[in-house]
Amino acid sequence: MIELKSGLIVSKIKDGTVIDHIPAGRALAVLKVLGIRGIEGSRIALVMNAESSKYGRKDILKIEDRTIEEKEAELITLIAPEATINIIKEYEVVGKRKQEIPDFITGLLKCSNPSCVTNNDPEAVSKFRTIVKRPIVLSCTYCETRLTEDEVMRQILG
Amino acid sequence: MRDVISVLDFSKEEILKLFDLTEKHLNNQFRPKLEGKIVATAFFEPSTRTALSFSSAALSIGAKVLGFSSDEATSVSKGENLADTIRMLDNYADCIVMRHKLDGSAKFAAEIASKPVINAGDGKREHPTQALIDMFTVMKLFGQLENLVFGFIGDLRYARTVNSMLRILTLFKPKMVYLISPQQLRARTEILEGLNYPFKEITDVRDVAGELDVLYVTRIQRERFLDEDEYEKVKESYKVDVKTVEAMRKDSAILHPLPRVSEVDRKIDSMPQAKYFLEASYAVPLRSVLLHEVMTGD
Numbered sequence: 001m002i003e004l005k006s007g008l009i010v011s012k013i014k015d016g017t018v019i020d021h022i023p024a025g026r027a028l029a030v031l032k033v034l035g036i037r038g039i040e041g042s043r044i045a046l047v048m049n050a051e052s053s054k055y056g057r058k059d060i061l062k063i064e065d066r067t068i069e070e071k072e073a074e075l076i077t078l079i080a081p082e083a084t085i086n087i088i089k090e091y092e093v094v095g096k097r098k099q100e101i102p103d104f105i106t107g108l109l110k111c112s113n114p115s116c117v118t119n120n121d122p123e124a125v126s127k128f129r130t131i132v133k134r135p136i137v138l139s140c141t142y143c144e145t146r147l148t149e150d151e152v153m154r155q156i157l158g
Numbered sequence: 159m160r161d162v163i164s165v166l167d168f169s170k171e172e173i174l175k176l177f178d179l180t181e182k183h184l185n186n187q188f189r190p191k192l193e194g195k196i197v198a199t200a201f202f203e204p205s206t207r208t209a210l211s212f213s214s215a216a217l218s219i220g221a222k223v224l225g226f227s228s229d230e231a232t233s234v235s236k237g238e239n240l241a242d243t244i245r246m247l248d249n250y251a252d253c254i255v256m257r258h259k260l261d262g263s264a265k266f267a268a269e270i271a272s273k274p275v276i277n278a279g280d281g282k283r284e285h286p287t288q289a290l291i292d293m294f295t296v297m298k299l300f301g302q303l304e305n306l307v308f309g310f311i312g313d314l315r316y317a318r319t320v321n322s323m324l325r326i327l328t329l330f331k332p333k334m335v336y337l338i339s340p341q342q343l344r345a346r347t348e349i350l351e352g353l354n355y356p357f358k359e360i361t362d363v364r365d366v367a368g369e370l371d372v373l374y375v376t377r378i379q380r381e382r383f384l385d386e387d388e389y390e391k392v393k394e395s396y397k398v399d400v401k402t403v404e405a406m407r408k409d410s411a412i413l414h415p416l417p418r419v420s421e422v423d424r425k426i427d428s429m430p431q432a433k434y435f436l437e438a439s440y441a442v443p444l445r446s447v448l449l450h451e452v453m454t455g456d
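Quick note, the sequences are listed as chains A and B, same order. Be aware that the first sequence starts at 1, since it is given in our numbering, and climbs by one per residue. Be aware that the second sequence starts at 159, since it is given in our numbering, and climbs by one per residue.
Just chain A, same shape as in the assembly (with noise of 0.2 Å):
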């Protein structure tokens, strides 16, 4: 369970992911990140602004029976980078994955730049390097064009 200050009780799940330390208010650019709409069928619990005593406030998101691939991860920390991902088993935390922000981000991200090559050849994949990691700014491998934290918001927001 996760018990909040202000009283708020979340039961525990069986298997299944939960997220903790998600900056407060981006708990649905998470669960749009994994591509959960909340027709799936198996059961969410998200807690949004929950107080926390490193960051002030938080979210919290707690999924059953979902695992959360790399790839996944690695976006999860371009909108979350203090995100904490734990892996639940039979009620317990089996597993803590801290992700950092990759020193490259391949593939997941679109350039800002119309004529950067990435946007023009079909094999040309995107590739971003991390110049900055907190707000963060990725800076494209072909053309240096600069993608700031409210670009990458966007692009995975749609």
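Just so you know, the hints here were simulated from the structure itself, not pulled from any lab data. Here a beta-carbon is modelled for each residue, glycine too, at the ideal position from N, C-alpha and C. A couple of the hints might just be wrong.
Said to hold, decoys possible - Derived list of chain B stretches under chain A, where covered just means 3 residues or more per stretch with a C-beta under 8 Å from a C-beta of chain A:
1. 238 to 249
2. 262 to 275
3. 438 to 448
Unchecked claim - Every beta carbon over 12 Å from chain A, so not counted as near; a handful from chain B, in silico:
4. LYS175
5. ILE196
6. PHE226
7. LEU329
Starting from the known structure of chain A, fit chain B onto it as the hints suggest.
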């Protein structure tokens, strides 16, 4: 065998070695040779001097040259993608010299090709061999590359030659660099952030003309503007005229990667500062040495 995508693919020592060999080549003390080799000049975007100078450089040292000078004459016009065209050229030649309108195309081609790729200009990003020619000219004129005052005037936003020059100067400690342009054509942040020397953005060349050792002029890159209205607003926004050159020292130099349009008054051609045709004359010998170095690794 190596790729040349950016000027920063070279160390300072490698550049000085290239310049030393070029000087020796000019004095007939070194003869680059590429007999039996084939150089492909893949100019997907129109170019006169760069394409011809690479061809001349390759032919003059015994290599054979094949290629094209616009994508209209290639299978690209039938819808072939860049990657496939590069794969074909990789089979036909020992080195691919490539110009393309897309930013980052040279790096992408280098990832596809097993043979060395030389970037002869990719979009608005870089034109490294032009910067080598420019700096070789500076060395010939001043006998040194460090502690000089440079002014870059014109389209600093889209001119790839300026990007390569600004970057190559990070290896040579200039005393000061003035970036002279209208607001809309200021150099891009990603270039400025990498500079490790003093620079100042200004709008009027007359404010610094007397201080300059080198004034580097570029034309407005009409073909890089996505919006024609934006181009119309700035197309006549700067010009180097006789009065400006009279304010410069007699031993200073005006360089221009050419072609020029109307940004340099033709009356300047006969003034002592005009060095752009001398600069152009170094293109073939330097590119001969570069091709030799890239393909033989000697």
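Hints and how they fare:
1. 238 to 249: Contact hint for the stretch 238 to 249 of chain B vs chain A: holds, 3 residues under 8 Å.
2. 262 to 275: With 5 residues closer than 8 Å to chain A, the stretch 262 to 275 of chain B meets the three-residue bar; holds.
3. 438 to 448: Violated: only 0 residues of the stretch 438 to 448 of chain B have a Cβ under 8 Å from chain A.
4. LYS175: holds (27 Å)
5. ILE196: holds (25 Å)
6. PHE226: holds (18 Å)
7. LEU329: Consistent with the label, LEU329(B) stays out of reach of chain A, its closest Cβ about 19 Å off (over 12 Å).
Violated hint for the displayed structure: number 3, the only one.
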